Amino acid sequence: MDFESAEQLRIFLTERFGIHLPKEILLKNTKSHGIRVHSLKSGSSEHIYGLEGFMACSKNSGLSQYFFQLIGHLAQKNVIALNKKDTIACISGEQIKKSLTSTPGLVILTYKGHILGYGVLEGKGSIRYPVREKQKREINNEIAGYPGRNL
Amino acid sequence: MEEKEFLDWLSSFTDSELAFNSLKSQKDSFRINTLKIPIATFEEISQLKCEPLGWYPSARLLSVPIQLGNTFEYFLGYLHPQSLSSMVPPLVLDPKPGEQVLDLTAAPGSKTTQISSLMENQGILVANDEPDREIFIVNNLSRLGALNVIVTNRDAKHWPLKKEFDKVLLDAPCSALGSNLNALRRFSLPGIQKLATVQKDMIISAFDALKPGGTLVYSTCTYTKEENEDAISYLFERRHEAKLEKIKIKIPHEKGLDGLTEAWRIYPQTLGSEGFFIAKIKKVE
Chain A
1 MDFESAEQLR
11 IFLTERFGIH
21 LPKEILLKNT
31 KSHGIRVHSL
41 KSGSSEHIYG
51 LEGFMACSKN
61 SGLSQYFFQL
71 IGHLAQKNVI
81 ALNKKDTIAC
91 ISGEQIKKSL
101 TSTPGLVILT
111 YKGHILGYGV
121 LEGKGSIRYP
131 VREKQKREIN
141 NEIAGYPGRN
151 L
Chain B
1001 MEEKEFLDWL
1011 SSFTDSELAF
1021 NSLKSQKDSF
1031 RINTLKIPIA
1041 TFEEISQLKC
1051 EPLGWYPSAR
1061 LLSVPIQLGN
1071 TFEYFLGYLH
1081 PQSLSSMVPP
1091 LVLDPKPGEQ
1101 VLDLTAAPGS
1111 KTTQISSLME
1121 NQGILVANDE
1131 PDREIFIVNN
1141 LSRLGALNVI
1151 VTNRDAKHWP
1161 LKKEFDKVLL
1171 DAPCSALGSN
1181 LNALRRFSLP
1191 GIQKLATVQK
1201 DMIISAFDAL
1211 KPGGTLVYST
1221 CTYTKEENED
1231 AISYLFERRH
1241 EAKLEKIKIK
1251 IPHEKGLDGL
1261 TEAWRIYPQT
1271 LGSEGFFIAK
1281 IKKVE
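Chains A and B, in that order, are what the protein sequence lines are.
In this text, residue positions in the first sequence follow the working numbering: the first is 1, and each later residue adds one.
In this text, residue positions in the second sequence follow the working numbering: the first is 1001, and each later residue adds one.
Just so you know, these hints were derived from the structure itself, not from any lab.
In this text, all values refer to a predicted model and were calculated from it rather than measured experimentally.
Do not take every clue at face value.
[To be verified] Below 30 Å or equal to it, Euclidean Cα-Cα: the simulated DSBU-like pairs (lysine-lysine) are:
(1) B:1211 x A:41
(2) B:1024 x B:1096
(3) A:41 x B:1096
Whenever a hint applies, use it, and build me the whole structure from the sequences.
So, in structure tokens, the structure goes:
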């Protein structure tokens, strides 16, 4: 999914997920490094050294899973909780099937309240978890639920 | 260099057999990434068998081995695999939220992300390294949620901005004799001399980047005097406003050589981790 500007991405996050970014997390347009996320508390957003933060979205790489891991807990809607089998399948790059509870499009994927990132929910309930080859993981352990998160 | 020859050489610094065996038998360790999860919450959700260490609340030593890179905790950015010794230089640097900090040779970004976490994502942290190593830093920054870092690719021997930073970490490229058992095969005197020349240029460059009153931490994961105490002495000869400072945190260590007793040597048997050299230098106003 392409976003032309930080503002467009911000509006999308609000409309699709009900996410209002906290004041200290800023999105910024750059000429050749996509839309970047950085901290307001780092001071001025213009630095002589270079660009701060990391890429939230770019034309080449698409949306960053790590960006969604950072903000996903703020979502109010279009969140899909996965069981362990589906979580592990998703993380390793497999497509999974779910009964449709959200409208097709991007969804936030969670496991026991932990934010895995975003997935692409397609028409018949299949979910893709876009992940780069190097980020694919074979998980070998278990984790308890994130306290107080009912996502 | 053969193992026996190395042990003979190392015995002039410490109990070499103990050091060598401790390095070989070291347990894996990791740092809880407080940028993404509070320590108390991590303890609630994680089922990894590990033990805390008194000197750093985020440090954990694995009691039961597991491939950390294949855990939920790693995938979610809640932890970062890191040797115990390599957690010490950022603690000595003691960065504060709101400061301007430079990590001059930052890849792969373990210490960078630790510094960002100590700064609570507030202030500016410049992480510099060679262009082909940038990808390692960027991956770790995004996975761990470090938002206050700027990655640059300048030549660390000639850092261009003078008197800009409150704190600078120079974890210099070195012969790695303290951390890598394969390194002793590459060990040679000309090789060490070459590295020492680079380190001397870098320490001057790092020191000049400091504001008056600022702090430089110089570290390596090796034992040779040429790469450690000699680099510090070289700086003192050329920059009279450089003063060695006492490291106030309480972590087991041995004293530096050649009268540099405020510098630290950490041998593998000291922390059950890699060998390290650490010196804290103040730029007096």
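- Does residue 41 of chain A lie within 30 Å of residue 1211 of chain B when you go C-alpha to C-alpha? It holds: about 21 Å lies between the C-alpha atoms, which stays within 30 Å.
- Taken at face value, is the distance from the CA of residue 1096 of chain B to the CA of residue 1024 of chain B at most 30 Å? violated (35 Å)
- Item | Proposed proximity, residue 1096 of chain B with residue 41 of chain A (alpha carbon, max 30 Å) | Given pair residue 41 of chain A, residue 1096 of chain B holds - Cα atoms ~12 Å apart, limit 30 Å.
Taken one by one, the earlier hints fail for this structure only at number 2.
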